[in-house]
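There are 2 protein chains.
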Amino acid sequence: MSYQPPEVGNEISCVMHGIDEKLLYNTKALERKIIGALNKEKFTILDIMSHKFKPHGYTLAILLSESHIAAHTYPEYNSFYFSIYSCRGKEDGAKTYEAVKKYLKPKSIDYSNKKIVVKK
Amino acid sequence: MSYQPPEVGNEISCVMHGIDEKLLYNTKALERKIIGALNKEKFTILDIMSHKFKPHGYTLAILLSESHIAAHTYPEYNSFYFSIYSCRGKEDGAKTYEAVKKYLKPKSIDYSNKKIVVKK
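First to last, the sequence lines map onto chains A and B.
FYI, the UniProt record's numbering numbers position 119 of the first sequence as 119, with every residue one higher than the one before it.
FYI, the UniProt record's numbering numbers position 111 of the second sequence as 111, with every residue one higher than the one before it.
Calculated directly from the structure, the hints in this document are not laboratory data.
Hints should not be assumed to be uniformly reliable.
[As the list claims (entries may be wrong)] Cut-off 27 Å, straight-line C-alpha distance, at most; resulting in silico cross-link-like pairs (DSSO-like, lysine-lysine): (1) K40/A to K120/A; (2) K102/B to K90/B; (3) K101/A to K119/B; (4) K114/B to K120/A; (5) K114/A to K107/B; (6) K54/B to K42/A; (7) K40/B to K101/B; (8) K90/A to K52/B; (9) K95/B to K114/A; (10) K54/A to K95/A; (11) K114/A to K101/B; (12) K102/B to K54/A; (13) K119/A to K119/B; (14) K115/B to K107/A; (15) K40/A to K28/B; (16) K28/B to K119/A; (17) K42/A to K115/A; (18) K54/B to K115/A; (19) K120/B to K95/A; (20) K28/B to K90/A; (21) K120/A to K95/B; (22) K119/B to K33/A; (23) K42/B to K115/A; (24) K40/B to K54/A; (25) K105/B to K28/B; (26) K54/A to K120/A; (27) K52/A to K107/B; (28) K28/B to K120/A; (29) K114/A to K52/B; (30) K101/A to K90/B; (31) K119/B to K105/A; (32) K22/A to K52/B; (33) K120/B to K33/A.
Produce the entire structure from the sequences given, and follow the hints as far as they go.
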């Protein structure tokens with residue numbers, strides 16, 4: 001697949017707190033929501049892997065032409081880790097992040113956003 | 001698989017610059033090095049996915065019981081993005097990061113390390 005990234009990418013990383021645990025246990029719906037948001041922001045999905053832990057917890061990674069996303073649920077803490085790295089330019093991935101946030105309705109978020117410079 | 005994470009995890013994210021492009025084009029050796037380092041730090045690998053781009057560039061994500069790593073090469077810029085998130089406690093993943101750094105011998109690194117608190 002041919003893809004020439006620009007020199008600056010964007011990394012969003014956050015933990016969302018105070019989420020209704022039902023939303024975190026319904027991993028199929030959560031995965032659908034994330035994939036739908038990525039498609040809407042015109043990311044190209046190359047591959048998906050996920051794993052369910054016992055007694056709880058779910059982890060998801062999606063490889064994109066434009067880099068990757070990762071998600072981990074902590075229903076026992078009503079928390080959700082989400083990160084997205086896009087090499088498509090700054091502020092990229094923000095729409096996907098907003099869609100996930102809108103779906104999970106967290107009470108608070110530890111959020112960070114970092115510019116990734118690949119050329120020096 | 002049963003795994004109960006602690007309440008604090010660690011996220012390392014970096015871009016390494018000034019790497020000999022031969023090391024970035026040899027993706028098999030790079031992948032072996034990363035997997036070896038993860039095994040040495042006693043991470044449990046659940047799944048691996050990777051993709052080679054044309055004309056260059058390689059992307060790798062590894063799902064761990066303890067969360068995930070992601071890596072992207074930019075041989076055209078002599079650069080390498082690497083991130084590791086471990087929910088096994090603070091400073092975790094540092095040995096894997098050091099092993100990868102030692103292998104790639106970058107001239108400079110944009111590095112960040114963030115404590116991830118999943119319980120609020």
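Q) Taking 27 Å as the top limit, are the C-alpha atoms of K95/B and K114/A close enough? A) Holds: K95/B and K114/A sit about 23 Å apart, inside 27 Å.
(Q) Does K52/B sit within 27 Å of K90/A, going by the straight-line distance between their CA atoms? (A) It holds: about 23 Å lies between the C-alpha atoms, which stays within 27 Å.
Q) Between K52/A and K107/B, does the CA-CA distance stay at or below 27 Å? A) violated, 40 Å
Q: Sort out whether K120/A lies within 27 Å of K54/A, counting only the CA atoms.
A: violated, 44 Å
Q. Given the hint that K42/A pairs with K115/A, does the C-alpha gap stay at or below 27 Å?
A. holds, 20 Å
Q. Between K102/B and K54/A, does the CA-CA distance stay at or below 27 Å?
A. violated, 36 Å
Q. Does K90/B lie within 27 Å of K101/A when you go C-alpha to C-alpha?
A. holds, 26 Å
Q. Does K120/B pair with K33/A here, judged by a C-alpha cut-off of 27 Å?
A. It holds: about 24 Å lies between the C-alpha atoms, which stays within 27 Å.
**Q.** 27 Å Cα cutoff - pair K54/B, K115/A
**A.** holds, 24 Å
**Q.** Pairwise hint evaluation, K119/B against K119/A, where the allowed Cα distance is 27 Å at most
**A.** Cα-Cα ~37 Å, so violated.
Q.
Between the alpha carbons of K120/A and K95/B, is the straight-line distance 27 Å or under?
A. Roughly 25 Å separates the two Cα atoms, so the pair holds.
Q. When you check the alpha-carbon spacing of K119/B and K33/A, does it fall within 27 Å?
A. holds, 24 Å
When held up to the earlier numbered hints, the structure conflicts with 1, 10, 12, 13, 15, 20, 23, 26, 27 and 32 and fits the remainder.
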